[in-house]
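Participant: The whole structure should be built from the sequences, with the hints applied where relevant.
There are 2 protein chains.
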Amino acid sequence: MAIALKDLGIAAKTIGVDANKEHAKKAIELKIVDEVKDLEEGIKEADLVIVAIPVHSAEELLPKIMDHITSQVVMDVSSTKETIINSIKNHPKRPRFVATHPMWGTENSGPEAAVKGAFTGKVTVISDKDHSDKDAVTLVEDIYTKLGMRILYMDAASHDVHAAYVSHISHITSFALANTVLEKEKEEDTIFAMASAGFESTVRLAKSNPAMWTQIFMQNRENILDVLNEHISQLRKFKACLEKENEDYLEELISNANKIRKILK
Amino acid sequence: MAIALKDLGIAAKTIGVDANKEHAKKAIELKIVDEVKDLEEGIKEADLVIVAIPVHSAEELLPKIMDHITSQVVMDVSSTKETIINSIKNHPKRPRFVATHPMWGTENSGPEAAVKGAFTGKVTVISDKDHSDKDAVTLVEDIYTKLGMRILYMDAASHDVHAAYVSHISHITSFALANTVLEKEKEEDTIFAMASAGFESTVRLAKSNPAMWTQIFMQNRENILDVLNEHISQLRKFKACLEKENEDYLEELISNANKIRKILK
Chain R
0 MAIALKDLGI AAKTIGVDAN KEHAKKAIEL KIVDEVKDLE EGIKEADLVI
50 VAIPVHSAEE LLPKIMDHIT SQVVMDVSST KETIINSIKN HPKRPRFVAT
100 HPMWGTENSG PEAAVKGAFT GKVTVISDKD HSDKDAVTLV EDIYTKLGMR
150 ILYMDAASHD VHAAYVSHIS HITSFALANT VLEKEKEEDT IFAMASAGFE
200 STVRLAKSNP AMWTQIFMQN RENILDVLNE HISQLRKFKA CLEKENEDYL
250 EELISNANKI RKILK
Chain C
0 MAIALKDLGI AAKTIGVDAN KEHAKKAIEL KIVDEVKDLE EGIKEADLVI
50 VAIPVHSAEE LLPKIMDHIT SQVVMDVSST KETIINSIKN HPKRPRFVAT
100 HPMWGTENSG PEAAVKGAFT GKVTVISDKD HSDKDAVTLV EDIYTKLGMR
150 ILYMDAASHD VHAAYVSHIS HITSFALANT VLEKEKEEDT IFAMASAGFE
200 STVRLAKSNP AMWTQIFMQN RENILDVLNE HISQLRKFKA CLEKENEDYL
250 EELISNANKI RKILK
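Sequence lines, in order, name chains R and C.
Read the first sequence against numbering that gives the first Met the number 0 and you will find it ends at 264, with the numbers running on by one and no gaps.
Read the second sequence against numbering that gives the first Met the number 0 and you will find it ends at 264, with the numbers running on by one and no gaps.
Hints are computed from structural coordinates only; laboratory data are not their basis.
One thing to keep in mind: the hints can contain errors.
No copy labels: a pair is met if it fits in one copy or bridges any two.
Simulated crosslink set (DSS-like; lysine-lysine; CA at most 30 Å straight-line) [as the list claims (entries may be wrong)]: (1) Lys-24 - Lys-261; (2) Lys-128 - Lys-24; (3) Lys-261 - Lys-25; (4) Lys-115 - Lys-238; (5) Lys-24 - Lys-5; (6) Lys-183 - Lys-12; (7) Lys-145 - Lys-5; (8) Lys-258 - Lys-5; (9) Lys-145 - Lys-183; (10) Lys-236 - Lys-128; (11) Lys-121 - Lys-185; (12) Lys-36 - Lys-183; (13) Lys-30 - Lys-261; (14) Lys-88 - Lys-243; (15) Lys-183 - Lys-43; (16) Lys-43 - Lys-145; (17) Lys-258 - Lys-185; (18) Lys-20 - Lys-63; (19) Lys-238 - Lys-206; (20) Lys-258 - Lys-24; (21) Lys-43 - Lys-25; (22) Lys-236 - Lys-206; (23) Lys-20 - Lys-258.
Facilitator: Here is the structure:
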């Protein structure tokens, strides 16, 4: 996002703040940010503060960030919304905060995972916009529009339910699939050699950052448990078909899954 | 494969045989094959017969194809090997058959799903080659080499175990994930709008052909059940972590899944 803000002329200058000194250095080297500062200095100099850190850290740090701002706008880009928003619910500066979730990411993290043009054509969510100042929302909307994103408005609770379906559960199934294959298949060379595009696409997300995803799963645990229970019961239907050699029902389950074609291009 | 055989000058002429008349017509229109004939005529005129049909049909049709050949070579490209090979185990023409599985495919099927250059850089398996005539194996090896594929040799039983891990289970998890989301998420517009690349990649295979995959799952059911049981127990570990808010073990499970990075590029 920092790259895009400079490239599109939205930001005259970008300042990075990072707990990891190696990452901070790398971000300068890769020209992702112009400068690196500590949090307080960074906030002082900024017009807009973008909080892009793991969600437990965001929950903890956001009230402190709000303590430091005067009239700046603060936005987050977290994969959960309810806990983040609740962390500053009664903060006097709450209206300067805009809760967002741009729906783009890869399995990689750190400064070297930055991708130019990443957000173009994707969707972003803005949550509970009525609790934010109008000028703050306008600034954030303007940025996402310039990034080429489509904005969806959704209350925080709805966002978290939908994110469990279309993002969080995919990560759990992918992690579990990797663990399944690593547990059962002791001939790693054979996995490596035989793994085709289908396997790679279902297991790609299993390469994702453990700290980041542990925190997302914990913050959205009730919604995720709900979807995960359903998912296990769907897998059990496949298991029952195989055990009972019920070919007709197996084909019905697969035909039903094909309906996803209508929803995804 | 028919496109590649012509493009690379391996085949002077390709003849299509298809149970589906619309597909046969389309294959000519799309210049995938030069001619369409019925099975007997096609075999009579061919030097090489490639059996590329759903695995129940292959099991049923292969003995009949072998009845019709004189000195032609017959190869299959099926996703299962043991049942297919067993269907002609005692056939007098068995040595003219070479069992193969090129590890490439997409979620699409039918003539319009043909992709130029599909096999280049991918792996193919040849099973039980000692039961095939040397000249037949050489012909098939030569074709796969010209297609740019790396050949792995594996007995049929091992192939079926490994295919369950690196291909079949991915399809089951993807079908079950699609059914989960379709069951739980009634706001289809929201899935459509919010679904990001991560979701699309884990659910892509759920668009795959029901008849084709039902038959693969049934033929390889014992291996798949074994992997599926492990997969459900891996998912239960995630579930237990969320229920007990065991963040440390959750992070450990994810870190373990990350080991797939060492195996897949």
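Participant: First find the shortest C-alpha distance between Lys-20 and Lys-258 inside one copy, then the shortest across copies, and answer within, between, both or neither for a cut-off of 30 Å.
Facilitator: between (47 Å within a copy, 25 Å between copies)
Participant: Check Lys-30 against Lys-261 for me: Cα-Cα at most 30 Å, and say if that holds within a copy, between copies, both or neither.
Facilitator: Classified as between; 29 Å across copies, 41 Å inside a copy.
Participant: Indicate which option fits the pair Lys-236, Lys-206 if close means a Cα-Cα distance not exceeding 30 Å: within, between, both or neither.
Facilitator: both (28 Å within a copy, 18 Å between copies)
Participant: If the cutoff is 30 Å on CA atoms, where do Lys-183 and Lys-43 land: within, between, both or neither? Let me know, please.
Facilitator: neither (54 Å within a copy, 45 Å between copies)
Participant: Cα distance capped at 30 Å. Does Lys-128 pair with Lys-24 within a copy, between copies, both, or neither?
Facilitator: Neither, since 35 Å and 56 Å both go past 30 Å.
Participant: 30 Å Cα cut-off: does Lys-258 pair with Lys-5 within a copy, between copies, both or neither?
Facilitator: For Lys-258 and Lys-5, neither the intra-copy (41 Å) nor the inter-copy (36 Å) Cα distance is at most 30 Å.
Participant: Can you tell me if Lys-24 and Lys-5 fall within 30 Å by alpha carbon in one copy, between copies, both or neither?
Facilitator: within (18 Å within a copy, 54 Å between copies)
Participant: Could you figure out if Lys-145 and Lys-183 sit no more than 30 Å apart (CA to CA) within one copy, between two copies, both or neither?
Facilitator: neither (48 Å within a copy, 34 Å between copies)
Participant: Checking Lys-115 and Lys-238: alpha-carbon separation at most 30 Å within a copy, between copies, both or neither?
Facilitator: Result: close neither inside a copy nor across copies, 43 Å intra and 36 Å inter.
Participant: At most 30 Å between C-alpha atoms: does Lys-121 with Lys-185 qualify within a copy, between copies, both, or neither?
Facilitator: between (39 Å within a copy, 22 Å between copies)
Participant: Using 30 Å as the alpha-carbon threshold, which applies to Lys-261 and Lys-25: within, between, both, or neither?
Facilitator: Between copies, since 24 Å is at most 30 Å while 43 Å is not.
Participant: How do Lys-258 and Lys-24 come out at 30 Å by Cα distance, when the copy is not named: within, between, both, or neither?
Facilitator: Between copies only: 27 Å across, 47 Å inside.
Violated hints, in rising order: 2, 4, 6, 8, 9, 10, 12, 15; the structure is consistent with all others.
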